[in-house]
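Enquirer: This is what each chain is made of:
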Amino acid sequence: MAATARAKGARSAKSAKSAKGKAAPASAPPEERTRLALYEQMIRLRYFEKRAYDLFLQNLVKGTSHLALGQEAIAAAFGVAMRTDDYTFATYRGHNHTLARGVPMTPVMAELLGRENGLMAGKGGSMHLTSVEHGMMGSYAIVGAHLPIACGAAWSAQYRGSGQVAVVFFGDGATNIGAFHEALNFAAIWDLPVVFVCENNLYMEYTRTSTITAVEHPAADRAAGYGLEPLAVDGNDADEMYHVAIAALDKARSGGGPTLIEALTYRQGGHSRADPAKYRPQAEVDEWLARDPIPAYRARLLAAGIDGAVLDGIEKAAAEDVDTATEEAKAGALPGPDLLMKDVWADGGASWRN
Amino acid sequence: MAATARAKGARSAKSAKSAKGKAAPASAPPEERTRLALYEQMIRLRYFEKRAYDLFLQNLVKGTSHLALGQEAIAAAFGVAMRTDDYTFATYRGHNHTLARGVPMTPVMAELLGRENGLMAGKGGSMHLTSVEHGMMGSYAIVGAHLPIACGAAWSAQYRGSGQVAVVFFGDGATNIGAFHEALNFAAIWDLPVVFVCENNLYMEYTRTSTITAVEHPAADRAAGYGLEPLAVDGNDADEMYHVAIAALDKARSGGGPTLIEALTYRQGGHSRADPAKYRPQAEVDEWLARDPIPAYRARLLAAGIDGAVLDGIEKAAAEDVDTATEEAKAGALPGPDLLMKDVWADGGASWRN
Amino acid sequence: MAELTYREAIARGIAQEMRRDDRVVFLGEDVAAAGGVFKGTVGLLEEFGPVRVRDTPISEQAILGAAMGAAMTGLRPIAEIMYSDFFGVCWDLVVNQIAKSRYMTNGQMTFPLVIRSGNGGGLRFGAQHSQSVENWAMAVPGLKVVVPSSPADVIGLMSAAIRDPDPVIFLEEKALYPAKGEVADGEITDTLGTAKVLRTGEHATLVALGNMVPRAMSAAGDLAAAGIDCTVIDVRSLVPLDTTTILREVARTGRLFTVEENPRLCGWGGELVSIASEEIFYDLDGAPIRITTPHIPLPAADTLEDLAIPSVDRIVATVQKAMNE
Amino acid sequence: MAELTYREAIARGIAQEMRRDDRVVFLGEDVAAAGGVFKGTVGLLEEFGPVRVRDTPISEQAILGAAMGAAMTGLRPIAEIMYSDFFGVCWDLVVNQIAKSRYMTNGQMTFPLVIRSGNGGGLRFGAQHSQSVENWAMAVPGLKVVVPSSPADVIGLMSAAIRDPDPVIFLEEKALYPAKGEVADGEITDTLGTAKVLRTGEHATLVALGNMVPRAMSAAGDLAAAGIDCTVIDVRSLVPLDTTTILREVARTGRLFTVEENPRLCGWGGELVSIASEEIFYDLDGAPIRITTPHIPLPAADTLEDLAIPSVDRIVATVQKAMNE
Ligand SMILES: Cc1ncc(C[n+]2csc(CCOP(=O)(O)OP(=O)(O)O)c2C)c(N)n1
Ligand SMILES: Cc1ncc(C[n+]2csc(CCOP(=O)(O)OP(=O)(O)O)c2C)c(N)n1
Ligand SMILES: [Mg+2]
Ligand SMILES: [Mg+2]
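From first to last, the protein sequence lines are chains A, B, C and D. Heads up, the first sequence is in the numbering used here, so the first residue is 1 and it goes up one at a time. Heads up, the second sequence is in the numbering used here, so the first residue is 355 and it goes up one at a time. Heads up, the third sequence is in the numbering used here, so the first residue is 709 and it goes up one at a time. Heads up, the fourth sequence is in the numbering used here, so the first residue is 1034 and it goes up one at a time.
Looking at chain A on its own, in the form it has when it is part of the complex (with noise of 0.2 Å):
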C-alpha cells in the first residue's frame, strides 16, 4: 500500500498531509474475529487503566504511572496484528502495550502495587514493565533510549533470519531528542526490520509539542530525512490503525526494511498521576473525548451487524479480569529483603568484589 511504499534515499518528501490521505487505505476493513480482537483489546486495556487509577487514588499504587486512556487503539491494534515472537519497546507509558502483547493483568497490576508477585516482583516499577516471554522487551523512562535498543533487537532479528520485528513505540516529545535522530538514520540504512510508532498526543508532560517543533508532524515531516515516507494517520480508529500496522510488518519482515508511523491520538488523562492536567483548553478535552476509540468503535461494529450480546460478554468478561487481577494483586506479599541484592549480574547475584 502507497501509505508505506519505501522511498530509499527519496529526495523529496511528500508532505504527511497528503500521506494522511493514503495512510486511510481503500482496502477492506478487518475480517469479523479481527476486529473482536481489536475491540476486546482496547476494552481490556481500558478498564484495566481506570482501575489502576483508581487504585492511584486509594494511594495503594507507589512512586509514578502514566496512563494511556484514549490511546488504546494503537496498542490494540499492534496486539493484534504483531506474530506472537516480534518484540515491543514501549516507553512508561507502557500498560497497554505490555497488556496487548498477552500479559496477564495480575502480574501488572501487582507490579504498579509493588508487590513481589509484579511483573519484576516489583524491581522496575510501572515504568518498566517487561515481559521476555511475551516479547514485551521492555518499558524504557529516558525519551528516546529504546529507539536505538529496537534497533539492536531488529539487527539480531535479521542476523539471525528469525522473521522478527521490533515495534518501538514513543511519543510526539520523543521526535526532538537526539536519539531518535540516531536510531531513524541507522534503520534505514541497515534496512533493519523495526517499526517505529510515535504516538502523537498532542503534549510532552505539560508543554504541547507543536511549541517546541520545528514542524507541524513531529515524526512524519521528519521521515524524508532518513530516506522513509510520511506516514500520519488517524491513531483513534483501530482499523485504521491495523491495517497500516499490518503494511508495515509485513514490510519488515520482508526486508523492505524501517517504517515511522505518526499515529495522532490524546492523552485523556493528565502525564502521571501528579498531573491534573489544568494546561490543556477544555474544549480541546471535550473534542477528543468525543473521538475517544472505543464508543465509536463499538458502534462501528454494531452496525457491521455484530451482535451486541457478543460484546457486552467482552466487556463483562475483561471486568471480571480486571476485579480478579486487583484482587490477586492486593493480595501479593510485599517483596522480601532477599530479593534486593539479586540480579544485578547473571549469576543472580550483586557482588562487585572477589
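Do not take every clue at face value.
[To be verified] Once the Cα atoms are required to be at most 25 Å apart in a straight line, the calculated DMTMM-like pairs of lysine to aspartate or glutamate come out as:
1. LYS1029/C x GLU1312/D
2. LYS1029/C x ASP1339/D
3. LYS278/A x ASP763/C
4. LYS278/A x GLU754/C
5. LYS1354/D x ASP991/C
6. LYS632/B x ASP1088/D
7. LYS404/B x ASP1335/D
8. LYS278/A x ASP930/C
9. LYS696/B x ASP1335/D
10. LYS888/C x ASP347/A
11. LYS330/A x GLU754/C
12. LYS1229/D x ASP347/A
13. LYS1354/D x ASP692/B
14. LYS342/A x ASP1014/C
15. LYS342/A x ASP1010/C
16. LYS342/A x ASP1021/C
17. LYS1072/D x GLU559/B
18. LYS330/A x ASP1014/C
19. LYS632/B x GLU1079/D
20. LYS747/C x ASP338/A
21. LYS50/A x ASP1010/C
22. LYS1213/D x ASP629/B
23. LYS684/B x ASP1339/D
24. LYS1354/D x GLU895/C
25. LYS1029/C x ASP338/A
26. LYS747/C x ASP275/A
27. LYS904/C x ASP701/B
28. LYS696/B x ASP1346/D
29. LYS1072/D x ASP629/B
No wet-lab data here; the hints were simulated from the structure.
Given chain A, put chains B, C and D with the ligands in place with the hints provided.
Expert: Then chains B, C and D with the ligands, alone, in the frame of chain A:
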C-alpha cells in the same frame, strides 16, 4: 534570494538538487576588493596548512592535527562575509576557520607545536583553537557538540539584541549524530541567529558518508525536518559561497532565523596526520584536485581583468607571513609548570578544596 | 522569618538573583508555563516573562549547549535537567565541553552557569529516576558540585551558585522537596565550598550530604541517647570541598563515618576517607567507615528502596557496632 | 610464543572469540574496512565478512543501542566507542539502560556484550581525547570494568569479557597500543576479577592500573635499588575487584600506594583506600598514599601532559618520601 527564503513549518521540502540550482545566485559577482580578499584568505590558509604539513613530517607538530586543504573557499567566504563581532564555532579541523577570522598565524602555528606562545599556550592543542577576541569561539573535538553551543551564543546575541550571528562549521559525518538534530530544531523554534554550515567533504574519518547515511545530501535533505529550505551549494566556488554566506548572515541578523547550508567540497589529504587516505579511489582524488578552489579562482580573477601582479603580491606576502610564523613558533618556549595548574577556575586556579 | 518548603526555596532563590541581574536567564523542560514538574519554579514566568524564562523541547543536549554558549558570551544561564539521571543524554556537554573549555582555552572563556537537577531516591521512581549522581560530577575536573539539605541552604547556595563565575552542578534532593524549614526574610546568600557543622560531639564525626543529612542528625540523636556523642557535618559542597572543617572535626573526634546515598563504589565518601587517611592518619582512633546504598541499581518497590538507602536505624547500628568494637 | 603489540592483540583476541561463537558480532565507526582508527581491528572484516563486522555512522547512541538490543535477543555483540571520552554522547545507554535493565527486569534479561574503547592520555591529544574514564564506569552498578596492561592480558581478558554474560566496559590504553609483549600460541583466555601480583616486596604495595602498571614496575625497580622493596599489583579488573589479593598484599607489607592516571577525585584508588582503611585498618603501618594526575583537564602540549600524568620519577619520589617519614 530564494535559496535562503525561510519556510517555517514548511510542510514540503524541495529537493536539495533543485535548491542547488537556486543556490547559484543570479546575482552579480562580488566586487573586486571582496574577490581579492577572498583570494588572499584562500592563499593564506593554503600556505599555512602546507607548512603545517611540512612541520608534521619534521615531527615538530605534537599530537594530532587535521588539515582542510581543498576546503579553503568555505572558510574564506565566511571570513570575508562575517561581521567582526560575529561568532565562529569550528571542529578539530579548524585551522582555516581560525585564520579566516583574522587570528595571526604565529600563535596558531605555535599552538600546533605545543609552545607557550601558542594561541592557548599549548594547553588546548590543534583541535581546540580559540581566540575570543577575534570571535573565534572555539574548535570542538567531539562530533556534534558545538552545534548546540553555537545555538547558545546565538540565543545570547538575540537576548542582548547585539545583532551578532553565530556560524557553526561541521562535517557531513556529523549530520548523523543526535546533537545535530537537537540543535537544528532548537534553532528553528527560537528563530536563532545561527548559520549551520555543513562542509560535505564526502568522508567521515575513513568511511564514505554516503555508505552510512539514509539520504543523498546529509544536511540539505534533513532541512525540511526543521522547517528549513534545503540548500546544497558548491563549496569550492568562493564567489558562490560568499553570496550564500551574505544571504544567510543577513537573514539571521534581521531576525529571519537559522539557515542550514550544505557546501560540497573535498578533503585533499587524509583525515589526520595518521591517515594516508588510501581508502579513496585515485580517480576521485584526481577529479577533486582538478576542482581545487584556488587555481580556478585565480584564473577567474585574471579573466575578470585583475592584474596578475596584484595576485603575485598576495601570494608573496602570505608566503612571508608563513615563514615568519614558522620561525616565531619554532622559537617559542615550551610551556612551563606554572601553566599546568592554572585556569581551571575563573579565579585562575585549580584548587578543589578549601 | 518564614517557613518555606525546599521546593518553594528554589523559586525564591532563582527569583532573588533574576531580580538583581538581568543577565540571568532560565531554561528547561516544562519549567516556565508549568512551573516545573516538581513545581520548583512556579511564578518565575509570571514575574520575569517568556524571554528570560523559557520552555524547551526534550533536547537536553540543546539545553546545555544553549546554556554553555550563552555563558561564554555574557549571560548567566540557569539550565534545568529535570532528573539528574538524564545527565546520561547530555553528559558530553557537561564533562567534555562545559567543564574543560576554560582550561583548554587558557582562560579565555568563563562559564558562569548553573545546572539544576532533581537528584536521588526515596520516591519509588525506580532505577532510572532515582540516582545520586553527585559523584559522577565530582569526578570531572572543572565542575563545582553543590547539594543543599535545607530550604535556607537552597536559597543561599543557589544565590552563590548563580553569582559564581564557574559552572555549578546544583543537585536538588527530590526526597526533600516537601521538607520545611525556617528561612530569613530579605536577600539570602551563602558561600560555596563551606561545610556546616550541625552538631558537635566528642566521640565520632558523621559526614553526610543532602537527603542523608536529616537522617544523620536523627541518628546522632539516638546515638547520644546511647552514650555516643557525634559531630554531624553537612558537606553541602563536594567541589570545592571544605576539607579544613571536615578534617578538623574528624581529627578531634578520632572517628569518621560517611553517610552516602550513592551506590558504594567511587562515592565521595571514598574520596574523603582517602584524604583523611593520607593527611590525618595518626589522628584516626579507628577504622573510617562508609555507610552507603549497596552497589546496586535502585529498586522501585517502597519496601525494597527503603532497604537500599541508608536509614536512621542502619546509621545508628553501624556506628554503635564500630564504636563498641 | 610470539611477540605481539598491544594493538595487534586486540584483533587476535576478538578473532579468537568470533571463530568459536558466531553469535559474536562487532560494530563501530571505521572498524571494518579501515580496521579501526588505531588499527586495532585490522583483518576482522576480511576474515568474518561484512555481516559480522560492520561500519556505522557517527551515532554512538545507535551503536550502543544496537549492541544492547542484540545482546538481549541472543547475540554477543562487541561495540567500539572510538575514544572513551565519547562515552559522553552515549552515557545514557551505558549507565541507565545497559547497566540497569537486568536488575529492573528481575533477571529476565542478560546483556552479554563488550564495549571496547581507547582510553587515557600520553598521546598529546588534549582534554577531549585523553581521559581515563574507568571510574565513571566503576561508579555505576551493573557494569564490569576491565583495563589490560599487556598484550597477553588484552587477549585473555578480551576473551573473558566476550564470554562473560554481563556487560563489560573494556578500556584499551591508547598509550600502550605500540607496547610489545610475549604471547603464547593457541587459545588464550583469562578470568575477570583477578588482579595480578607482578612483583613481591616486603616494604610497600604499589597498586596500579593500565598505563600506570609499567611505570609502577620501573619505579619499583628504582626503589629496590634505593632499598625499598615493593610489591606491585596490576588491578586489571575494577569490577569485580580482586580485594582478596590486594588486601592480602597490603596487609603483608603494611603500606599502600595507588598509582592512578585519572584526575584525583573519586578515582578507584580512593575506593581502594577506603576499603583497606575499613577492613585492615590495624594492618596499616602508615598512611595510604594516592599518586594521581592532579584534578585538572589534561593539557595538550607534551611538556605539560608529561607533568600531569604520574611519572616513574614522581612515583619513586612519593614512595621514598612517605617511607622515610
Ligand atoms: C531524556 C529525558 N528527558 C526528559 C524526561 C522527562 N519526561 C518524561 S515523559 C516526558 C514527556 C514525553 O512526551 P512524549 O514523548 O510526547 O510522550 P508521552 O508522555 O506524551 O507519551 C518527559 C519530558 C525523560 N524521561 N527523559
Ligand atoms: C562523538 C564523536 N564520535 C566520533 C569521533 C571521532 N571522529 C573524529 S572526526 C570524525 C569524522 C567526522 O567526519 P565529518 O563530520 O565529515 O567531518 P570531517 O572530519 O570530514 O571534517 C570522527 C568519527 C568524535 N570526535 N566524536
Ligand atoms: Mg506526547
Ligand atoms: Mg567529512
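Enquirer: For the pair we were handed, LYS1354/D and ASP991/C, check the Cα-Cα distance against 25 Å.
Expert: holds, 20 Å
Enquirer: Keeping to a limit of 25 Å between CA atoms, is the pair of LYS747/C and ASP338/A held or broken?
Expert: violated, 37 Å
Enquirer: Keeping to a limit of 25 Å between CA atoms, is the pair of LYS1029/C and ASP338/A held or broken?
Expert: The hint holds at about 23 Å.
Enquirer: Take a quick look at whether LYS1072/D and GLU559/B sit within 25 Å of each other, Cα to Cα.
Expert: holds, 13 Å
Enquirer: What's the verdict on LYS1213/D and ASP629/B, does the C-alpha distance respect the 25 Å limit or exceed it?
Expert: With Cα atoms ~23 Å apart, LYS1213/D and ASP629/B stay inside 25 Å; holds.
Enquirer: Taken at face value, is the distance from the CA of GLU754/C to the CA of LYS330/A at most 25 Å?
Expert: Not OK: LYS330/A and GLU754/C at ~44 Å, beyond 25 Å, violated.
Enquirer: Next pair to validate is LYS278/A with ASP930/C; report whether the Cα-Cα distance is within 25 Å.
Expert: violated, 45 Å
Enquirer: Given the hint that LYS1354/D pairs with GLU895/C, test it: the Cα-Cα distance must not exceed 25 Å.
Expert: At roughly 50 Å apart (the allowed maximum being 25 Å), GLU895/C and LYS1354/D break the hint.
Enquirer: For a C-alpha distance cap of 25 Å, please report whether LYS696/B and ASP1335/D respect it.
Expert: holds, 16 Å
Enquirer: LYS1029/C and ASP1339/D were given as a pair; does the straight-line alpha-carbon distance stay at or below 25 Å?
Expert: Outside the cut-off at roughly 46 Å; violated.
Enquirer: Would you mind confirming whether the straight-line C-alpha gap from LYS747/C to ASP275/A stays at or under 25 Å?
Expert: holds, 11 Å
Enquirer: Checking one constraint from the list: CA of LYS50/A to CA of ASP1010/C, max 25 Å. Satisfied?
Expert: With a Cα-Cα distance of about 23 Å, the restraint between LYS50/A and ASP1010/C holds, given a limit of 25 Å.
Of the numbered hints given earlier, the model fails hints 2, 8, 10, 11, 20 and 24; all others are met.
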